[in-house]
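Protein sequence lines correspond, in order, to chains A and B. Take 1 as the starting number for the first sequence in the working numbering and just add one per residue. Take 1 as the starting number for the second sequence in the working numbering and just add one per residue.
Heads up, none of these hints are tricks.
To spell it out: a stretch of chain A is covered by chain B in this simulated footprint if at least three of its residues, at any positions, have a beta carbon under 8 Å from a beta carbon of chain B; those stretches are: (1) 36 to 44; (2) 47 to 54; (3) 82 to 93; (4) 98 to 105.
Straight-line distance between alpha carbons at most 27 Å, and here's what the computed DSS-like set of lysine-lysine pairs gives: (5) LYS43(B) / LYS44(A); (6) LYS43(B) / LYS38(A); (7) LYS43(B) / LYS19(B); (8) LYS43(B) / LYS106(A).
FYI, nobody ran anything at the bench for these hints, they're computed from the structure. All C-beta atoms, glycine included, are put in the ideal place defined by N, C-alpha and C.
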Amino acid sequence: EIVLTQSPTTMTASPGEKVTITCRASSSVSYMHWYQQKPGASPKPWIYETSKLASGVPDRFSGSGSGTSYSLTINNMEAEDAATYYCQQWNYPSLTFGSGTKLEIK
Amino acid sequence: EVQLVESGGGLVQPGRSMKLSCAASGFTFSNYGMAWVRQAPTKGLEWVATISYDGSSTYYRDSVKGRFTISRDNAKSTLYLQMNSLRSEDTATYYCTREHYVYPLWDYWGQGVMVTVSS
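Next up, chain B with everything else stripped away, as it sits in the complex:
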């Protein structure tokens, strides 16, 4: 069974940093692209960043470029999101997602982890 379990969220002050982790199991992690998608409270979904199966390619939404870094450790089957210079508008539930092997689709989602940026 595919499982994606996020951790590392919580309350952080504006301007500070936080690192999210996503532990993957039930599939060969190193074969799949992965992504982070977020959802602000009572708002819609927003793609944040994507990393290729081997980590060689990364993509970011404009509002997080230069502040967030997506990375992965295939030996540990773990996805990361390093978030620096956090802003109040980064407050959201962050979902770890797996890209389908063939189709442009996020076929599995974690349960999400809440990040609150507030003083």
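One chain only, chain A, in its complex shape:
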């Protein structure tokens, strides 16, 4: 099973700040996907195939990476971006998520 390690576990950012969340895989994967989840709500697809934004995702978000190292970046943090972000790899027979990064607004 491929283990995904996210960092940081939690972070606080000010409006307008640049934010980077990292996801490292225990083995090389072809792509990384990201989901956003707010308290009390179901997760939403956010970034897929490493760098493609899901429908409705603001273009201040971006994704990058390859092999075992991937990242999600927010340029100009906004209050609505406060949420938990999960990376996820799609490699059957075992699909795995990272443990999540809780992003808070200052």
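Fit chain B to the supplied structure of chain A, relying on the hints for placement.
Frame of chain A; chain B shown alone:
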């Protein structure tokens, strides 16, 4: 509008069984792979099982193999998860999800149903 509505959760004793259902609407159910993803209280997301659009292929995480069975009824646009020999560690909110037609992505999620395994 795509809708996924889970039902069948609740409190169950360890070792007992429970069956979850997910009623789908707003899209042609028989064209899409489907999956269950769970989240233990205050914990992260965990993929549970996937079924292909026609039910011919299924995949499970190791910890539920032999205990859980994912199935579907395309005539009823309904996804199921039969859970047997339940353990306390199966306590979680279970989400029904739809796989994107082209990309490796769960593009729609239900609101989730809570399953509590406790004596």
